[in-house]
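Based on the provided sequences and hints, a complete structural model is requested.
Residue numbers (my numbering), protein chains in the order written: chain A, 9 to 177; chain B, 272 to 369; chain C, 223 to 859.
Because the hints were derived from the structure by calculation, they are not lab data. Small disclaimer: the values here were computed from a predicted structure and weren't measured. Glycine included, every Cβ here is placed at the ideal spot set by N, Cα and C. Check each hint, because a few of them may be wrong.
Stated by the list, open to error - Using C-beta positions, here's what the derived DEER-type ranges look like:
#1 B:L351 - A:H136: 29 to 35 Å
#2 B:L351 - C:T251: 28 to 34 Å
#3 C:F261 - B:L351: 54 to 60 Å
#4 B:H355 - C:I812: 48 to 54 Å
#5 B:H355 - C:L257: 53 to 59 Å
#6 C:I805 - B:L351: 57 to 63 Å
#7 C:L827 - A:V168: 39 to 45 Å
#8 B:H355 - A:L113: 37 to 43 Å
#9 C:G254 - A:F79: 57 to 63 Å
#10 A:V164 - C:L264: 14 to 20 Å
#11 A:V168 - C:L264: 55 to 61 Å
#12 C:F858 - B:L351: 28 to 34 Å
#13 A:V164 - C:I812: 53 to 59 Å
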Amino acid sequence: MLSQWLFYGFATLAVVGALGLILSRHPMNGAMCFVITLISQAGLYALLSASLLFALQLIVYAGAIMSLILFIIMFLNIQPADLPQETGRWGFLIGGSLAVVPIGLLLLKIVRSLPAGETTIIGNGFGHVKSVGLVLFRDWLLPFEIVSILLLVALVGAIVLAGKKETIQ
Amino acid sequence: MIHDYLSLSILLFCLGVLGVISRRNVFTVFMSIELMLNAANLAFIALARLHESMDGHVLALLVMAVAAAEAALALAVVILLHKHTGKVDTNVFSLLKG
Amino acid sequence: MANTTTYLGLIPLLPLVGAAVIGFLHLGTCKGERLPERFYGLLACTAPILTFLLAVKVFFDLRGLPVETRFLSQEVFTWFKVGEMDIAMGFLADPLSSLMLLFVTFTGSLIHIYSIGYMAKDESFAKFFAYLNLFLGSMLILVLGNGPVVMFVGWEGVGLCSYLLISYYSEDRSNVLAGNKAFIVNRIGDFGFVLGMAFLFWAIGSGGFDYISLKANAHMLPEATVILVCLLLFLGATGKSAQIPLYVWLPDAMAGPTPVSALIHAATMVTAGVYMVARFSFLYAHVAAVGVFIAWVGIITALVSAIYGMYQDDIKKVLAYSTVSQLGYMFAGVGLAAYSAGIFHVFTHAFFKALLFLGAGSVIYAMHHEQNIWKMGGLRSKLPLTYKTMLIGSLALAGCPPFSGFFSKDEILYSALASGHTGIWLVGVLVAGMTAYYTFRMIFVVFHGSPRDAHAFDHAHEPPAVMTVPLVILAIGALFAGFLNLPALFGGSQQVTHWLAPSLAEHAHEAAHSTEIIAIAASVAAFFVGILIAWRKFGQGAEEPVFRGFASFAYHTFRVNEFYDVILVRPYKAIGGAIANFIDANITDIPAQVIAWFYRQAGSLFKLLQVGYVRAYAIYMIVGLSVMSLLLAQSFK
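Right under this line is the structure:
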């Protein structure tokens, strides 16, 4: 029963954070709201007994990626005056919701058609570092390597793009 | 139970889409995309729990890596754009106008 | 099989390869530093000389075969096969084509060698030789083709090359127009050739469309078809061989460099029509009436162009009209079924006309590209070798015994008399006299008398050896070629006629010796009368005459060009202009314009969607997805 309440709590926090992200005018506020979403998602991962992902969500997402984004926002030193004048924001939000709702409804319909299996007791070690690591390096080795190359390329690309003009030429 | 997780994931995904199409701030758009990725991750992990298989975890891991790569590049592009125009408004970049 | 060979295809291939190599080398180097002229000259002369050697080999191989099966053939590949039409890229050498082959490659080689001197220091030396090789290759395809279709390839090829070479000095607009004229007039003839070929195929093509099969099946043709085919093919011949009504291009073709004129007039191109008629002698022999018609067309062409020739002042134009006139003789010969006489005249004509043109080229070279004979004079002392060789050529052209032209022309006239066409014979004799007159008018004005342009005269000098040696060789040929077909009257055995006999459907015209003597006496008399008049008028030097009345009319070639211009070219242009301005713009283009308008409107509509904002494109995608979701949701359970 506790997990049920926890789920609702985290879910509410995540939705509130997401709403805060898309509604707040300044990206700084949005980013802080997004962090709430990410952390509550980490909680949801924990509820789903994905302990490794729980840790990674906190460390990589809420930690590394978000701090990078925040760093850039602050680095660019964006003043409220620099922000785009989004006068038609509410119109877009309402119109956008109308466009998105059918997609969401279809997806929900699909989800409803899935077998509604109650959560079963699962074996020890599900979602732990060792067991995920075994799957990762046994069955998913090639995608893992490809992703590592992707990261390397992204690194090089980021340096070339954001580096000083002299280093580009 | 799993249905609830999946429904939450869909809701978050839709909010992400909404953010992308209704906002002009580059950072908000970018974080909305991250939100969509996270929603997908949540669905992966929920389904992994449902099927009691850890492949979903691995996929979520890979998605995180891709998100990290994307963050690096996207932020570099944002810096460049800001350097050129001093703006973080997506509507400034409309060179494809017919 | 003893009659198949493997080297026949090489004969046309070598000059074509030469043309390609020279052409690409020229293209590759024309921007930067050019290769030396000596290199191109050697390269260009290699192919013709090799083909001449191969032609000699063909001749001796043919001699080794028995008379009944005296031919060599090679089928290189199947060119195309559509229904009953199975055309091989095949070559055939029989006595007729081997004779053509010999003099075409021989004079062709000499003209190539001569051109090295004549074209020296020309801006696009290599381009000229590439065209020249291509010209020779096309002519060899024409001669060696084993059927009308392969012949047509060469037929079109020489047409193309004549266009390229006539308008070679393309900086001058009139030269380009002359090239266009040659090409367009030839197209009219080609149209006849194609139609004739199509009718021939329609009638008997299914039994094989090469000469040997056609010859075997020719008896199945109804007479009306034969007449039609023969007339259509003759239309093609009038285009290529410059007969009435399509002769107008040949005098204009003088716009090209002089070696080109020599090549067109002697070795290639204009002989194609005569060769084609002789080639189809198995058809023409069936319809004597068409033959007589051809003979009359030929002899009238000879007469008309001889009249023109008497009044021209451009040295090359005089020679051009003499070629038209001699071609008229050839058609008179082949028309009267004296095919070997016609071909023999082609053969001797190749020597003396190449000689005359190359000699004229030397004169023009020496006079720094002055072509008006009234600006020359007294050049005998300055250009002794050119004078002597050109004198030999002129004597051969005028039909002085025992030069080559005498025997061949006499044979044609004798055939006319012997076959009972006295009218043709009389005109022929008259033309012979006129030929002697205008040829020696040219010689006397150019080489005798006193110089008319002192400055040019002082600077005139004999051209280099590379140009004079071919002249000497050709002069020997012009002098002695006639003896190859010495008639029995002079103790000869008519070797050429016997050699050609297997290829031709010849009717021998038997007549008494007295007839032959009458013919010879008349020709010789006409020659002496002609030369005498020329000597009286021009021998001691004469001033440039002012043409009045008929002479002026003849000088302007009876205003035929203007006549064609008024009755053909201008109406054609007017119709074309009307179509372009009215039908094209107001009727034909409308559907296209409506479609274009529609797309323009649609484009400007869709342009509205392309707002350029990233977000907008995302919205389009989401709207599309959401519509799809609505549709899917309806069908989902």
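Using the Cβ atoms, figure out if H355 of chain B sits within 37 to 43 Å of L113 of chain A. holds (41 Å)
For the hint 57 to 63 Å, verify it against the beta carbon of I805 of chain C and that of L351 of chain B. holds (58 Å)
Go ahead and decide if the range 28 to 34 Å is satisfied by the Cβ distance of L351 of chain B to T251 of chain C. This hint is violated: roughly 49 Å between Cβ atoms.
Holds or violated: the 57 to 63 Å window for the beta-carbon distance between G254 of chain C and F79 of chain A? holds (59 Å)
Could you see if the CB distance from H355 of chain B to L257 of chain C stays within 53 to 59 Å? For L257 of chain C against H355 of chain B, whose Cβ atoms are near 54 Å apart, the range 53 to 59 Å holds.
Outcome of range test on Cβ distance (F261 of chain C, L351 of chain B; 54 to 60 Å): holds (58 Å)
If I claimed the Cβ atoms of H355 of chain B and I812 of chain C lie 48 to 54 Å apart, would that claim hold in this structure? holds (49 Å)
Can you tell me whether the CB distance of V168 of chain A to L264 of chain C sits inside 55 to 61 Å? holds (58 Å)
53 to 59 Å as the expected CB spacing between I812 of chain C and V164 of chain A, which holds or is violated: holds (58 Å)
Against the range 39 to 45 Å, how does the distance between the Cβ atoms of L827 of chain C and V168 of chain A compare: consistent or not? holds (40 Å)
Taking the beta carbons of V164 of chain A and L264 of chain C, is their distance inside 14 to 20 Å? Given about 59 Å between the Cβ atoms, the range is violated.
Take the C-beta atom of F858 of chain C and the C-beta atom of L351 of chain B, compute their distance, and say whether it sits inside 28 to 34 Å. Because 44 Å falls outside the window, the suggested range is violated.
The structure fails hints 1, 2, 10, 12 (numbered hints given earlier, in ascending order).
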